[in-house]
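Student: Sequence:
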Amino acid sequence: MSKELEKQGWVKRTTIDEPRLSEIVSEYKSLGYEVHLEPVHLEDVDAQCKKCYENQSDKIKTVYVRKRKQA
Numbered sequence: 018m019s020k021e022l023e024k025q026g027w028v029k030r031t032t033i034d035e036p037r038l039s040e041i042v043s044e045y046k047s048l049g050y051e052v053h054l055e056p057v058h059l060e061d062v063d064a065q066c067k068k069c070y071e072n073q074s075d076k077i078k079t080v081y082v083r084k085r086k087q088a
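Position in the sequence shown (first residue = 1) + 17 = my numbering.
Derived from the structure by calculation, the hints contain no laboratory data. On a predicted model such as this, the values are computed, not experimentally measured, just so you know. Take these hints with a grain of salt, some might be off.
[Unchecked claim] DEER-style ranges, computed between Cβ atoms:
(1) Lys68 x Lys24: 15 to 23 Å
(2) Gln87 x Asp63: 31 to 39 Å
(3) Ser39 x Ser74: 15 to 23 Å
(4) Arg37 x Leu59: 29 to 37 Å
(5) Asp34 x Glu60: 17 to 25 Å
(6) Leu59 x Lys86: 26 to 34 Å
(7) Asn72 x Lys24: 31 to 39 Å
For glycine and all other residues, C-beta sits at the position ideal for the given N, C-alpha and C.
Use the sequences and the hints to build the structure in full.
Tutor: Right, here's the structure in full:
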C-alpha cells in the first residue's frame, strides 16, 4: 500500500474486477465510506494471483476505503 494513501487514512480492502468491483464500491458507499480505486500493482501480489492478474491488469482494481469525513 502506498504510504501516502495510508497517511491519508485509506485502508486496503480487496483487489477485484467486475462485476463484484461495482457491487463492493456501492456497498461501501452505502455504509458511509469514501472509496478510492487504484490499478493493481503486480509486484504487490503473490505468484499464484499474479498469473491471473497479468492478463487482466487493466480491469482489476485495488479497493481502498476510509470513513467519510463529517462536514
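Student: A separate judgement is required for each hint: does it hold in the structure or not?
Tutor: Outcome of the hint check:
no. : hint                      : in the structure
1   : Lys68 x Lys24: 15 to 23 Å : 32 Å, violated
2   : Gln87 x Asp63: 31 to 39 Å : 38 Å, holds
3   : Ser39 x Ser74: 15 to 23 Å : 18 Å, holds
4   : Arg37 x Leu59: 29 to 37 Å : 20 Å, violated
5   : Asp34 x Glu60: 17 to 25 Å : 18 Å, holds
6   : Leu59 x Lys86: 26 to 34 Å : 32 Å, holds
7   : Asn72 x Lys24: 31 to 39 Å : 33 Å, holds
Hint violations for this structure: numbers 1, 4, all remaining hints satisfied.
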